[in-house]
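**Q** The listed protein sequences derive, respectively, from chains A and B. Residue numbers for the first sequence follow our numbering, beginning at 1 and rising by one. Residue numbers for the second sequence follow our numbering, beginning at 1 and rising by one.
Where hints are given, some of them may not hold.
Said to hold, decoys possible - Each computed BS3-like pair below joins lysine-lysine, with the alpha-carbon atoms no more than 30 Å apart:
#, chain 1, residue 1, chain 2, residue 2
1, B, K99, A, K104
2, B, K58, A, K104
3, A, K62, A, K15
4, A, K104, B, K69
5, A, K62, B, K99
6, A, K71, A, K11
7, A, K104, B, K107
8, B, K107, B, K69
To be verified - Which chain B residues face chain A? A few, computed with CB under 8 Å, are given here:
#, residue
9, Q42
10, G43
11, L44
12, Q45
13, K49
14, L51
15, F90
16, T94
17, K99
18, V100
19, G103
20, T104
21, G105
To be verified - Here are the computed distance ranges between Cβ atoms for each label pair:
#, chain 1, residue 1, chain 2, residue 2, range
22, B, S3, A, V73, 31 to 37 Å
23, A, S27, B, N68, 34 to 40 Å
24, B, S30, A, E85, 33 to 39 Å
25, A, S18, B, P18, 46 to 52 Å
Don't read these hints as lab results, they were simulated from the structure. Glycine included, every Cβ here is placed at the ideal spot set by N, Cα and C.
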Amino acid sequence: EAGVAQSPRYKIIEKRQSVAFWCNPISGHATLYWYQQILGQGPKLLIQFQNNGVVDDSQLPKDRFSAERLKGVDSTLKIQPAKLEDSAVYLCASSPVVLSRGEKLFFGSGTQLSVL
Amino acid sequence: AQSVTQLDSQVPVFEEAPVELRCNYSSSVSVYLFWYVQYPNQGLQLLLKYLSGSTLVKGINGFEAEFNKSQTSFHLRKPSVHISDTAEYFCAVTGGYQKVTFGTGTKLQVIP
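Extracted from the complex, chain A is given alone in its bound form (with noise of 0.2 Å):
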């Protein structure tokens, strides 16, 4: 079974420059989430989709970051303009189930972004 897809790796830029990270869950999971890692924190969620609809968004900085699920597979995350402060591993997840704790998260590798 393929797992949890990410790219880029890796990605530098400077401050007020945009970025986008893309995401492609595993087939079939209905929920896919994104997450940033700060370092020496732990991963906090940025903004979570039920197929192609938005279930919580309440930390996702919106006058920047914008994100999309196409057609209820593929994602993307886009930060424009990026700050400093936004260096960060930035984390895909993805679970089977439609709205029912319990269920585990399967996690991409990340991307790491370097803001300059």
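Since the structure of chain A is already known, use the hints to place chain B on it.
**A** Frame of chain A, contents of chain B only:
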């Protein structure tokens, strides 16, 4: 609201010694609890989870955790660690739907 506290940011331990990684949680509703492990340059993967039933949960790689409702804890233990257990360990809680809240992580350093 829900939160997770991992008091120890780093835990050094000699190989073949026992280890306990501490986790405390708070939630206004009943919870499901998880431990995830992150090896260097890899994504997180599930070690074990507590949903209901027996409070002692066994996971992969010889790890186990005990759910203690009165102390709101879910500590992770292993009786004898191996070099390959060197990783960062995250405790997580789900209190509603599938929103998962993670702790800040504990880096386990196994010393040969």
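**Q** Broken hints, numbered, in rising order?
**A** none
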